[in-house]
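**Q** Sequence:
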Amino acid sequence: MSIPPRTEDFVVSLTPFNMIKITNNDLSALSTDKIQALDFNATWCVPCKALKPKLEAIEKDFVNIEFADVDVDENEELCKKFNIRNVPCLVLIDGEKQERIVGAINKQSILSAIEQLNK
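First residue of the sequence shown? That's 1 in the working numbering, and the numbers climb one at a time after it.
Among the clues, some could well be false.
[Stated by the list, open to error] Straight-line Cα separation of at most 27 Å, DSSO-like style, residue types lysine-lysine; simulated pairs: (1) Lys34 with Lys107; (2) Lys60 with Lys80; (3) Lys80 with Lys21.
By construction, these hints were calculated from the structure, which means they are not laboratory data. Keep in mind that this is a model prediction, so the values were computed, not measured.
Please construct the entire structure, taking both the sequences and the accompanying hints into account.
**A** Have a look at this one:
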């Protein structure tokens, strides 16, 4: 009988739809020409999992938004930089402007935050 490997020995980069998986606290893979939507989440967080389909629906309507999956347990420095205290937390960035939504996030809240960035 063999012992299965520990899951932390593997890096999984699969994400829902076209999300970019952020690793090593590095946001350099994101385009600065688009609104950046940073989805701070955790694998153990049920509300975080419920947010993914809402983000996917929004992604289809907004080509100017790039979505990133940021696991808080794997990106502690980014959590400090963005002052993440609770998950899920969606941080939308457009240049110097930022909008933040925390907790049980509905689609309308996300659309409102996007609208605020575009003002």
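**Q** Name the hints, by number, that the structure is in violation of.
**A** 2
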